[in-house]
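Asks: This is what each chain is made of:
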Amino acid sequence: MRARPDTRGRAGRRPFYDLLMNVDRRVIFLVIAAAVALPLVFPLHLPVQISPEARAYFDEIERLQPGDQIILSFDYEPDTMAELDPMSYATLRHAFRKRLSVIALTTYAGGPGIALRVLGETAAEFGQQYGTDYVFLGYNPDYSATILRMGESIQATFPTDHFGTPADSLALLQGIDRYADIELLVSISASALTEYWIIWAGGNYGQRIIAGNSAIQAVLIYPYYDSRQLSGFLGGLKGAAEYEKLIEHEGAGLRGMDAQSMAHLLIVCFIVLGNVGLVMQKLRARGDAAGRAGSAG
Amino acid sequence: MRKTGPVVFGFLVGMLMLIQYFTPNPWIQARYNNVLDWKQVVFGITLMLGVLSLVLFHWRKIEQRQKGWGYSVITIAGLIFMIAAAVWRGQNAGPYLWMFDHVQSPMQSTMFALLAFYVASASYRAFRARGFHAALLLTAGVIVMLGRVPLGEMLGFHAGERYYSLATISDWVLNYPNVAAKRGVLIGVQLGIVATAIKIILGIERTYLGKGA
Numbered sequence: 301m302r303a304r305p306d307t308r309g310r311a312g313r314r315p316f317y318d319l320l321m322n323v324d325r326r327v328i329f330l331v332i333a334a335a336v337a338l339p340l341v342f343p344l345h346l347p348v349q350i351s352p353e354a355r356a357y358f359d360e361i362e363r364l365q366p367g368d369q370i371i372l373s374f375d376y377e378p379d380t381m382a383e384l385d386p387m388s389y390a391t392l393r394h395a396f397r398k399r400l401s402v403i404a405l406t407t408y409a410g411g412p413g414i415a416l417r418v419l420g421e422t423a424a425e426f427g428q429q430y431g432t433d434y435v436f437l438g439y440n441p442d443y444s445a446t447i448l449r450m451g452e453s454i455q456a457t458f459p460t461d462h463f464g465t466p467a468d469s470l471a472l473l474q475g476i477d478r479y480a481d482i483e484l485l486v487s488i489s490a491s492a493l494t495e496y497w498i499i500w501a502g503g504n505y506g507q508r509i510i511a512g513n514s515a516i517q518a519v520l521i522y523p524y525y526d527s528r529q530l531s532g533f534l535g536g537l538k539g540a541a542e543y544e545k546l547i548e549h550e551g552a553g554l555r556g557m558d559a560q561s562m563a564h565l566l567i568v569c570f571i572v573l574g575n576v577g578l579v580m581q582k583l584r585a586r587g588d589a590a591g592r593a594g595s596a597g
Numbered sequence: 003m004r005k006t007g008p009v010v011f012g013f014l015v016g017m018l019m020l021i022q023y024f025t026p027n028p029w030i031q032a033r034y035n036n037v038l039d040w041k042q043v044v045f046g047i048t049l050m051l052g053v054l055s056l057v058l059f060h061w062r063k064i065e066q067r068q069k070g071w072g073y074s075v076i077t078i079a080g081l082i083f084m085i086a087a088a089v090w091r092g093q094n095a096g097p098y099l100w101m102f103d104h105v106q107s108p109m110q111s112t113m114f115a116l117l118a119f120y121v122a123s124a125s126y127r128a129f130r131a132r133g134f135h136a137a138l139l140l141t142a143g144v145i146v147m148l149g150r151v152p153l154g155e156m157l158g159f160h161a162g163e164r165y166y167s168l169a170t171i172s173d174w175v176l177n178y179p180n181v182a183a184k185r186g187v188l189i190g191v192q193l194g195i196v197a198t199a200i201k202i203i204l205g206i207e208r209t210y211l212g213k214g215a
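Chains as they are written, first to last, in the numbering used here: chain A, 301 to 597; chain B, 3 to 215.
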């Protein structure tokens with residue numbers, strides 16, 4: 301471990317700027333933990349405003365008619381489910397409320413467990429029947445071949461669903477075999493999978509696509525929304541909260557907004573603190589230099 | 003022949019994948035579908051190779067009693083347990099699903115959640131305005147960080163009839179400078195992919211054949 305330079309003054313006390321610039325990381329961890337936990341226990345109910353991207357996401361599903369088909373791809377694993385599960389739940393609630401037919405799948409080996417839980421809970425909430433109102437095709441190895449092959453034939457790509465039932469015997473998939481039969485594709489992702497859906501399913505087959513992305517990934521897909529290759533998207537937990545507000549169903553997204561606000565605010569406060577220390581250090585160094593020059597003169 | 007055969011094969015398959023994009027010819031489309039099906043099979047086999055490689059790596063560590071060999075025992079035991087559980091009761095019930103819901107999910111979520119604490123600590127130490135570029139990055143970071151939460155929507159001012167908040171400025175940063183930079187990167191990457199693909203099809207780029215090709 302690298303030793304910290306000794307910045308103590310003549311009296312042996314650390315200068316104030318040094319305290320500001322070197323807050324113990326355990327203090328930071330404790331403060332952040334408190335900032336996240338307290339608003340979850342004592343909600344502040346900060347107002348959430350709807351962004352144009354989330355409004356577009358909502359509108360894309362809202363314009364569909366009962367019986368229209370959508371594909372919902374669970375493109376994530378348990379690591380990001382705190383951020384993305386609220387989007388999946390809200391999307392399915394919106395879809396089932398509108399009586400849309402949902403064809404779910406996952407491009408991640410760790411995705412089936414998540415998809416089964418989210419689909420199972422929301423289907424039970426709305427009394428949806430497996431096979432007629434929704435199906436789960438499961439996981440297929442190799443996302444690039446899967447996305448491209450689905451454009452030629454969904455049933456050839458997934459000859460059986462996740463439970464081993466032949467795809468051609470599922471009532472929902474009768475007459476549904478290509479992107480042309482699908483009204484909308486939804487990718488909930490924490491990786492570049494959304495970009496691949498846009499490039500291969502959107503670019504090659506003209507599929508309309510909306511996406512829910514982790515906050516980090518959302519920053520990268522703005523160009524696709526700007527060029528209308530992506531019809532709408534939700535960015536991070538804030539996007540999920542906006543969408544929950546639009547469908548008028550409070551979930552983990554809205555509940556998490558206060559905690560996220562407080563955590564971001566505290567991180568900014570710490571950054572400001574560090575920079576105040578830096579300015580003080582520079583002023584002190586300048587003063588010392590001027591003093592030395594004066595005494596030398 | 004050892005070098006020419008794969009290069010010719012690469013040329014033919016590359017040209018097929020290129021031509022299929024521009025023609026609805028049923029024969030070519032059928033071959034295209036064959037290639038996509040084979041690709042999934044090959045991917046499945048690479049997964050198996052990955053598992054084999056993982057087992058061999060950890061087995062060697064256990065055999066030689068290398069540092070941390072106990073963790074290797076847990077890794078192999080976990081792998082065998084999950085495979086056995088899936089074969090015994092399937093993926094949708096029993097111990098496999100239980101392990102996924104109660105062990106893998108919480109552990110992966112916990113690892114990711116820990117990032118919040120490290121990001122907080124790292125931001126505090128790294129975001130120091132030591133120069134113009136650092137100050138620019140710092141300012142943009144702070145604006146986007148606050149602008150992407152409800153608090154940022156409350157911090158703002160009225161100018162005439164319009165309300166400008168940190169969220170407004172954050173949206174501008176994400177929609178203009180961010181899009182411009184990302185678009186530039188995307189175009190550069192795509193041109194690079196096209197150039198590499200042409201080089202592979204024409205046999206100029208042969209590193210995929212291994213050493214000495």
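None of these hints come from the bench; they were simulated from the model. No residue lacks a Cβ here, since even glycine has one placed at the ideal position from N, Cα and C. There could be a bad hint or two in this list.
As the list claims (entries may be wrong) - Pair ranges (Cβ atoms, derived):
hint, chain 1, residue 1, chain 2, residue 2, range
1, A, G464, B, Y166, 55 to 61 Å
2, B, G52, A, L520, 24 to 30 Å
3, A, L340, B, A142, 41 to 47 Å
4, B, A137, A, L340, 31 to 37 Å
5, A, G503, B, I200, 38 to 44 Å
6, B, W40, A, G503, 21 to 27 Å
7, A, R399, B, G212, 37 to 43 Å
8, A, Q365, B, T170, 33 to 39 Å
9, A, G503, B, V37, 15 to 21 Å
10, A, A409, B, I76, 18 to 24 Å
11, A, R399, B, V75, 39 to 45 Å
12, A, H345, B, V196, 48 to 54 Å
Asks: Next, verify each hint and record whether it holds.
Replies: How the hints compare with the structure:
no.	hint	in the structure
1	A:G464 <-> B:Y166: 55 to 61 Å	holds (57 Å)
2	B:G52 <-> A:L520: 24 to 30 Å	holds (27 Å)
3	A:L340 <-> B:A142: 41 to 47 Å	violated (29 Å)
4	B:A137 <-> A:L340: 31 to 37 Å	holds (34 Å)
5	A:G503 <-> B:I200: 38 to 44 Å	violated (19 Å)
6	B:W40 <-> A:G503: 21 to 27 Å	holds (23 Å)
7	A:R399 <-> B:G212: 37 to 43 Å	violated (55 Å)
8	A:Q365 <-> B:T170: 33 to 39 Å	holds (35 Å)
9	A:G503 <-> B:V37: 15 to 21 Å	holds (18 Å)
10	A:A409 <-> B:I76: 18 to 24 Å	holds (20 Å)
11	A:R399 <-> B:V75: 39 to 45 Å	violated (52 Å)
12	A:H345 <-> B:V196: 48 to 54 Å	holds (51 Å)
In terms of the numbered hints stated before, the structure departs from hints 3, 5, 7 and 11, listed from lowest to highest.
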